[in-house]
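> Chains as they are written, first to last, in this note's numbering: chain U, 1 to 111; chain R, 1001 to 1114.
Rather than coming from a laboratory, the hints here were simulated on the basis of the structure.
Because the structure is a prediction, the values reported are computed rather than measured.
Even glycine gets a Cβ: it sits at the ideal position worked out from N, Cα and C.
Some clues are possibly wrong.
[Said to hold, decoys possible] Subject to a maximum C-alpha distance of 30 angstroms in a straight line, what follows is the list of computed DSS-like cross-link-like pairs (lysine-lysine):
| no. | chain 1 | residue 1 | chain 2 | residue 2 |
| --- | --- | --- | --- | --- |
| 1 | R | LYS1065 | U | LYS110 |
| 2 | R | LYS1007 | U | LYS106 |
| 3 | R | LYS1065 | U | LYS98 |
| 4 | U | LYS98 | R | LYS1007 |
| 5 | U | LYS98 | U | LYS3 |
[Unchecked claim] The following residues of chain R were derived to be distant from chain U, with all beta-carbon distances above 12 angstroms:
| no. | residue |
| --- | --- |
| 6 | PRO1008 |
| 7 | ASP1011 |
| 8 | CYS1013 |
| 9 | THR1017 |
| 10 | SER1027 |
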Amino acid sequence: DAKTTQPPSMDCAEGRAANLPCNHSTISGNEYVYWYRQIHSQGPQYIIHGLKNNETNEMASLIITEDRKSSTLILPHATLRDTAVYYCIVRVANNFNKFYFGSGTKLNVKP
Amino acid sequence: SAVISQKPSRDICQRGTSLTIQCQVDSQVTMMFWYRQQPGQSLTLIATANQGSEATYESGFVIDKFPISRPNLTFSTLTVSNMSPEDSSIYLCSAQDPGDTEAFFGQGTRLTVV
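Chain R on its own, in the form it takes in the complex (with noise of 0.2 angstroms):
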């Protein structure tokens, strides 16, 4: 099983800034995502970070806002850009292999904007 760590933890952000989040898995992984969870909500899926080309995102969710970077197999970037109050969420990293029949996820990045 992988073991995905996520940073910062949380963070508070002020309204117009952008927020870069680091997601490391501890082995080579195929497969990498990035989910939103508003709060009292369940996890949206935002995008696949794919290695090597640009992300592929999911309807309702663009890359001038979520930029995401995948410069290896063991790691990804997701940025919160031109931050609203309406993005305060938790993010969610997480990474799967095709010989894996389930995928692991990060312990998430909360994030307040005001």
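Okay, chain U solo, but in the shape it has when bound (with noise of 0.2 angstroms):
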């Protein structure tokens, strides 16, 4: 039920501001953007999430186009443990609506 569209894999130096694409041009007027991402062997971590205006948090800023259509995460200093696979997913927020994740993207950090 995915209905998002992320590279499989891109590479970032480390100290240097990591962006992240994803296309979500089906998206809902109800629907919010939301990031995860899951290091190896590790449960996923909510990242930060928004509707339409950009937001941004201690972890990280999300840039969502003004149709809506697609969105970027950004890294503004990304470190090596910032390497791992990050998930762009749409769904209304504050009810039941689960979570679908899609294919992600694996963000390489290298020195």
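Fit the two chains together into the complex; they arrive one by one in their own frames, and the hints show the way.
Printed below as a string of structure tokens:
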């Protein structure tokens, strides 16, 4: 049921910004964009979510295009510990809707 | 935020046997879910564990193979029945409340069937 498209892998140099794109062209008006990451052998970790405005927290920034058909997760200063699979998910927030994971992007942060 | 503990963290089982995985949440939650992650793959939702009623299974998953219990608002179990090597996966428990905007995940149970 995944409704997102992400590149399978990306590389980023340590200390540089990592920009991870996600396409969600069929997103509905009441669906949020969520980002999770999964570091090897761990459970998924919540990063950030947003509806239409750009969002920032201590981990990352989320930039959503005006038409909401795509978004970019930005890790401003990537470290080796940010190497993980990053999942972009769309769902309606604050109800019983489930999280369906797509294939994600494997981010490789290199020294 | 909810803290989720799963037991066992890993196991190696013989084909034809069954394994029950436990999921304990440190607070009462409305919704609990079970996922499967096959080697090198993304997470696939198996079912919603409903408190006080039968679990709701996603397409491709059946109760006879993956029976689920949810006796209260903090605990659930997933049984993988009559295992075959194809059941070798990581099984993850997740929890959320309608008031929460995010879901929380356990660290997973790594199952190997030989």
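> Flag every earlier hint the structure violates by its number, smallest first.
Hint check: 1 fails alone, others pass.
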